[in-house]
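J.: If you're matching them up, the sequences are chains L and X in order.
If you count the first sequence from 1, position 41 lands on 40 in numbering that gives the first Met the number 0, and the numbers rise without skipping.
If you count the second sequence from 1, position 52 lands on 51 in numbering that gives the first Met the number 0, and the numbers rise without skipping.
It should be emphasised that the hints constitute simulated quantities derived from the structure, not laboratory data.
Treat each hint with caution, since some may be false.
As the list claims (entries may be wrong) - On the chain L side, residues computed to face chain X include the following (Cβ under 7 Å): (1) Val11; (2) Leu17; (3) Pro51; (4) Ala55.
What the hints assert, rightly or not - Subject to a maximum C-alpha distance of 25 Å in a straight line, what follows is the list of computed SDA-like cross-link-like pairs (lysine to any residue): (5) Lys40(L) to Ile61(X); (6) Lys36(L) to Leu365(X); (7) Lys40(L) to Ala372(X); (8) Lys390(X) to Ser43(L); (9) Lys409(X) to Arg446(X); (10) Lys17(X) to Gly85(X).
Backbone N, C-alpha and C fix where the C-beta goes; we use that ideal spot for every residue, glycine too.
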Amino acid sequence: MAKITIKEVEHVAELARLRFTPDEIEEFTSQLNAILKFVSKLDSIDTEGVKPTYRAIEIFNCFREDEVKNSLPVEKVTANAPASEEGAFVVPRII
Amino acid sequence: MADLLDLTIAELRRFLDKGEITATELTGLYLDRIGSVDGKVRAYVTVLEEGALEQAAKADKIIKQGDASPLTGIPMGIKDVICTEGVPTTCSSKMLKDFRPPFNATVMERLNGQGAIMLGKLNMDEFAMGSSTENSAFFATRNPWDLNRIPGGSSGGSAAAVSARMCVASLGSDTGGSIRQPASNCGVVGLKPTYGLVSRYGLVAFASSLDQIGPITRCVEDAAILLEAVAGHDNRDSTSLPRPVPMLRDSCREGLRGIRVGIPAEYFIDGVQEEVVSEIKNGLKVMQEMGAELVDISLPHTEYAIATYYIIATAEASSNLSRYDGVKYGFRAVNYSNLMEMYRETRAQGFGPEVKRRIMLGTYCLSAGYYDAFYKKASQVRTLIIEDFKKAFEECDIIASPVAPTTAFKIGEKVRDPLQMYLSDIFTIPVNLAGIPGMSMPCGFDRKGLPVGIQLMAGHLREGILFRAAYSLEKGLGLDRVWPLN
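Sequences and hints are given; from them, build the entire structure.
T.: Structure, rendered in structure tokens:
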């Protein structure tokens with residue numbers, strides 16, 4: 000199995016919206032490589048034609064009545080936000 | 000009054016209903032116990048003294064009216080991954096340190112509906128990721144049987160609190176062994192129910208296809224009572240099974256005669272502590288003497304379970320944990336100049352190392368070009384692991400095995416080596432991958448006096464036969480009800 004490089008780890012960190020110091024990147028790269036080497040043992044199993052399982056118990060068509068119910072009050076929901084104003088979440092300027 | 004702390008849910012029910020003790024007195028007793036012991040064990044993240052006494056006063060009224068349910072007035076602890084309205088639910092993470100959910104999890108609605116008392120919220124590995132509770136962002140919890148050792152994880156606080164008699168029972172959550180491994184390490188009973196039996200609504204998500212809430216108690220019957228209380232269909236969780244709540248206490252009394260107990264060769268391998276094997280073998284002998292039939296079985300894909308799990312669980316976690324962006328709730332960093340920097344700083348400062356490691360692994364496994372090689376491959380191997388169990392359950396009714404390869408290890412022993420830490424879940428992970436129920440219950444002690452647990456597994460929704468076997472084994476073993484930190 001190909002080894003994951005420092006550059007790839009930096010790319011994945013960006014995808015995951017994480018940021019690391021150069022020392023941390025180095026430590027993560029070696030730990031991730033050890034874990035990837037371990038999981039590569041799956042390559043030795045022939046899974047040709049095996050159906051993947053995404054849920055251990057399949058439930059299909061899980062319907063419920065479409066009843067109108069009260070939502071949580073806005074002020075109760077925004078109470079946990081780091082910054083809110085007039086019932087809206089405040090974020091840095093985007094455009 | 001120390002003996003009152005030893006009583007089980009069923010025993011306390013009689014005391015409470017006869018008026019020999021009030022819920023308020025019992026709650027006071029447990030709060031005092033927390034006050035005197037938790038400085039050493041550190042199981043609680045939040046203790047709710049005032050709220051617990053208010054609930055107790057209400058419970059006393061209900062009991063006086065003769066309207067008590069099985070859990071009315073029973074003091075409990077809740078793993079801090081389960082949402083409790085208005086009460087901090089931190090997941091032992093800096094990210095949610097100040098989060099007070101605006102709603103209750105379904106399991107909390109059901110406990111509150113019965114008039115159970117919540118003493119507080121219990122410590123865990125951050126976002127339930129770990130096997131030792133050392134990954135808590137706040138502090139490590141210690142094993143009541145030996146304070147230099149880990150209680151197991153991730154529900155370490157939940158297991159330690161029950162074992163140290165700082166609550167009668169608790170709820171934990173189990174994604175790869177997080178109820179069963181700490182229960183084994185702390186000498187208590189822990190059950191991961193069939194996937195879908197207990198609603199996950201209000202359980203902070205780690206790996207949604209594996210997560211399940213379950214009871215941690217000091218005896219098998221208590222686990223039955225607690226599971227009956229929280230189980231059952233919930234239309235707010237689309238994976239909740241539309242099945243009636245099982246009558247587990249009735250199953251307990253049915254005895255072991257005629258039950259076929261499967262012994263999987265792959266679970267008795269080199270590297271398993273000698274005393275763990277000998278105590279499990281003694282447990283098997285006891286079951287045989289009580290009329291069970293022992294059957295050798297094989298689960299050939301067991302050795303691939305950890306690798307499968309660490310792809311599936313981290314992939315699902317990386318997606319689930321993307322919600323922590325510093326916008327809607329939780330921590331937000333202060334040093335940023337644009338939105339992207341806000342996200343990255345918030346998550347870099349809010350998550351601990353193990354959570355970041357798993358988000359990174361999961362993101363990598365799901366990233367462009369790697370999906371087939373990792374997530375799809377692992378999901379196919381998951382199918383093979385499920386087929387192993389299906390075949391095995393044609394030859395036996397339950398499967399018995401060790402819970403973990405060793406008894407509780409020392410604090411700090413595996414912190415630097417994540418892979419070694421992952422390997423301690425080797426016998427519990429297959430149960431989550433297959434979605435079947437698995438129970439850990441006390442089976443004996445090693446030479447150092449540390450508890451050894453035995454794991455019992457059954458097919459989907461076969462909790463009844465699991466409780467039948469576990470209750471009989473508990474009686475047959477006849478272990479003394481001696482608890483640590485007297």
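J.: Which earlier hints turn out false for this structure, listed by number in ascending order?
T.: 5, 10
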